[in-house]
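Q: Build out the structure end to end from the sequences listed, making use of the hints.
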Amino acid sequence: MTLPTGMTRQLILLLTAATFIFWLLAVAVGASVMRSEFDEVFDSALKETSARLLPLLVEDLFKRDPGDAPRRIGFAGTDGDEYLTYQLRDSGGRVLLHSHSAEPVPFDVPLAPGFADTATHRVYTDAAVSGTLFLQVADPLDHRREAVAESVASLFLPLALLIPASVLAIWLLVRRTLAPLEELRSEIGVRDGTNLSPLNAGRLPPELGSIALSVDRLLERLRVALDAEREFAANSAHELRTPIAGALAQTQRLIHELPDGAGKRRARDVEKALSGLSHLAEKLLQMARADSGIGPADKDADLVPIVSLIVKDFQRAANKDRIHLTLPNSPLRRRVDVDAFGIALRNLIENAVKHGAGGKLMEVCAREDGTISVLNAGPVVPATELANLTRRFKRGPTAALGSGLGLAIASTLIERMGGRLELASPAAGRTDGFEARIILPPDAKR
Amino acid sequence: MRILLTEDDGAIGGAVRDHLAADGHAVDWAKSVSRARDYVAVASYDLVLLDLNLPDGSGITLLREIRKRPDALPVIILTAMDQITDRIEGLNAGADDYLVKPFDLGELLARIHAVARRSKARPTPAVTIGKVEINSSERIVKRGASRVELTAREWAVLDCLADRKGSIVSRGQIEDALYEFGAEIESNAVEVYVSRLRKKLGAGLIKTTRGVGYRLG
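Residue numbers (the numbering used here), protein chains in the order written: chain A, 1 to 446; chain B, 1001 to 1217.
None of these hints come from the bench; they were simulated from the model. Treat the hints with caution; some may be incorrect.
To be verified - One-sided and incomplete, this derived list gives chain B residues near chain A with beta-carbon spacing under 10 angstroms:
#	residue
1	D1038
2	I1060
3	F1103
4	L1105
To be verified - Derived list of chain A stretches under chain B, where covered just means 3 residues or more per stretch with a C-beta under 8 angstroms from a C-beta of chain B:
#	region
5	251-264
6	335-342
Backbone N, C-alpha and C fix where the C-beta goes; we use that ideal spot for every residue, glycine too.
A: Rendered as structure tokens:
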């Protein structure tokens, strides 16, 4: 059994503390009432004892010689401690008779009928023979205190059982009551960019059902907003690419049709500017798509043919032998969006082609463990620069043209796929070059 | 080559048509799926350039229809849809190549030649007949060691004959490769270009089979 945490723990502590405090209050009130009732009972007993004892003692006194010393009266058959002690005194305060446990020294209370307290006793004084004789019966206060204390102590005993029992009962009750909340929490927990399906609110209690409905409405709005964002980024890419392609194609025709000279040079400048614009628009839209949450997918895809297709594109554009491709023998299945993976890998290869040492061999290697590395020759990138390369619009120490977005796009997309992008320079097993590694663990985004 | 260009964007379509025409190809330009369907039904094309997003439907539909035909008409997709899934869908539907906009017109020509060569089972771009070496994709023809310059129309006729080297090619087939729909066909144009080619490359290169057509080699 795991120790309760969070709300459960708080509820157990608070409810147990409240039970304990209420019990203490009840004991305090009970003790006060008990003490008052005990006083009444003991006082009544003291009074009754006095009333019964006084005639007997007076009779006994009259049978005695008046010059005798105070007489100690014992009880027949008893020699132990007695709760009640008494003294029979004359009006001058002299002790004439006293019980066997009482001291011959007079009680320190006035000779007036009624109750009075000394430091240790409660004393009842009764008068007889026209106020010439006084019987004082004393009850030790300790006796009364002990009675109250023992009664109160007995009330604390159930607490020893009550506290652990209440902790267990509250824990079980809270766990049972909060089970739907836990279910709701786990339902919400599995929602992400790829799963925005409505929650199963049917089995939830009414109090949580309304929360689930609100979350469902929020999920629906989020899904619509995310879809719109993704669609906008994808459509914008298409809509922007077409007019740029038209302008570029017309410019290239112009270059062919113009005679050599200033006009042709200017047309080439326009072509270069349009290519730059096309590249920048492409990168910004890729960044927008990465930010809109593409990356994870709801089903597996084999990445080997994707890597092969992309590398062949680059091999066709560059010298075929310049890019060396190594693929695993078995499929590399991962739950990722293949378009997002394609954008990420394309950016890494573009980066290697652009910044790699001209004409030197470049390598793309996909391994069965889910690592896809892109490696190029070239000068070593300092470690301080490496850490900054995945920041947007941050370019390394290079003269090559670029937007400074390629590695940032790749990094964002790979992170969304549940993987990570590692950059190393010098490349593994070399003394120079740069290596970018996509690492997609088997359980990425599962 | 007779090429069908399917493209609804005026700027791209115009530039591509002019560039291909300058390279000696006859280009029919369709701006919708239905028009392209009509062209494919009546003319014999060597290659189709196909946009995917057309006003009246998807180019993929037309591609699937073309793939149901008995001839293996080469198709290159020209599209602004650059995603891997779009590309896989296009290639799975039977496209021979896939070029994403914006593209370089030189790259487009290279792809056209590569696909055409592949479809005619010519593994290398060069054809050699006697002392004449013809490299269609590079647009280089040599007679012995010396390079010979040809006009676009002359290239179109030579390409048409080189594609069917050793076989007789009818005058009508050569005219199809030379003229798009609507072009004014000069009655003796084929004879004129064949005669010019014989003058530049040697009289024995192109043989005439009277009443049937011409043969290279």
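Q: Now, for every hint given, state plainly whether the structure supports it.
A: Comparing the hints with the structure gives:
| no. | hint | in the structure |
| --- | --- | --- |
| 1 | D1038 | violated (24 angstroms) |
| 2 | I1060 | violated (15 angstroms) |
| 3 | F1103 | holds (7 angstroms) |
| 4 | L1105 | holds (5 angstroms) |
| 5 | 251-264 | holds (count 3) |
| 6 | 335-342 | holds (count 4) |
Of the numbered hints stated above, those contradicted by the structure are hints 1, 2, listed in ascending order.
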